[in-house]
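A.B. asks: Those sequence lines, one after another, are chains A and B. Mapping the first sequence onto this note's numbering, position 113 (from 1) lands on 113, and the numbers just tick up by one. Mapping the second sequence onto this note's numbering, position 93 (from 1) lands on 1093, and the numbers just tick up by one.
Hints are computed from structural coordinates only; laboratory data are not their basis. There are no misleading hints in this set.
Straight line, CA to CA, 27 angstroms or less: simulated DSSO-like cross-link-like pairs of lysine-lysine:
#1 B:1061 with B:1049
#2 A:66 with B:1102
#3 A:42 with B:1102
#4 A:41 with A:66
#5 B:1102 with A:64
#6 B:1102 with A:55
#7 B:1061 with A:41
The following residues of chain B were derived to be distant from chain A, with all beta-carbon distances above 10 angstroms:
#8 1008
#9 1018
#10 1025
#11 1026
#12 1028
#13 1058
#14 1064
#15 1075
#16 1086
#17 1114
#18 1115
Glycine included, each C-beta is placed from N, C-alpha and C at the ideal position.
Chain by chain, the residues run as shown.
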Amino acid sequence: GAVVSQHPSRVICKSGTSVKIECRSLDFQATTMFWYRQFPKKSLMLMATSNEGSKATYEQGVEKDKFLINHASLTLSTLTVTSAHPEDSSFYICSANERGGSSYNEQFFGPGTRLTVL
Amino acid sequence: AQSVTQPDIHITVSEGASLELRCNYSYGATPYLFWYVQSPGQGLQLLLKYFSGDTLVQGIKGFEAEFKRSQSSFNLRKPSVHWSDAAEYFCAVAFLTGGYNKLIFGAGTRLAVHP
Chain A
1 GAVVSQHPSR VICKSGTSVK IECRSLDFQA TTMFWYRQFP KKSLMLMATS NEGSKATYEQ
61 GVEKDKFLIN HASLTLSTLT VTSAHPEDSS FYICSANERG GSSYNEQFFG PGTRLTVL
Chain B
1001 AQSVTQPDIH ITVSEGASLE LRCNYSYGAT PYLFWYVQSP GQGLQLLLKY FSGDTLVQGI
1061 KGFEAEFKRS QSSFNLRKPS VHWSDAAEYF CAVAFLTGGY NKLIFGAGTR LAVHP
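Take the sequences, apply the hints, and build the full model.
C.D. replies: Quick look at the structure:
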């Protein structure tokens, strides 16, 4: 149980285009979903937190208009990188808290999406 | 402010040797502590967690960690390392904010295992 998927696993796009990454909780309802960014050989940096039906909360320094987050349902959150540039190339990982689960404090992580902007 | 420090960026051990990965945290209240493992190009897998109670916690894959409040540490150990343990290891602390738990990660320790 508690499986989180991400799609796509890998995407290559041209500079200036937008890319959408999906994060789904497959077997549970997620009250909160988190988006992280990981630079090569670096740790995970929290970008934003999203709750179903409400606006995402962005961490300091993260551009809201660049990284659009939509949490449309209790099982789906999307991250759209708008007008992507090569510096947006990174590994993006999502996670989710289970709604009403006994492991309230545990985040379940997706497998990540590798974005390469040419 | 909350923070997590993993002093060792790289560690190399021989297969069968014991392992200890260090983690120190800074947090004013009782911490929720985690160790995650990440294989190349993959997401994170939870090894173990500490919320309260027994300060020695057992995890998956033969790992254990000990919470020491006096030292603000949560070091990860394994008595005998296997080649498949080569990966990146992240220590994390969670704190409650805005009704949800936010994770702060350490910089990670990359483990290499020699045959």
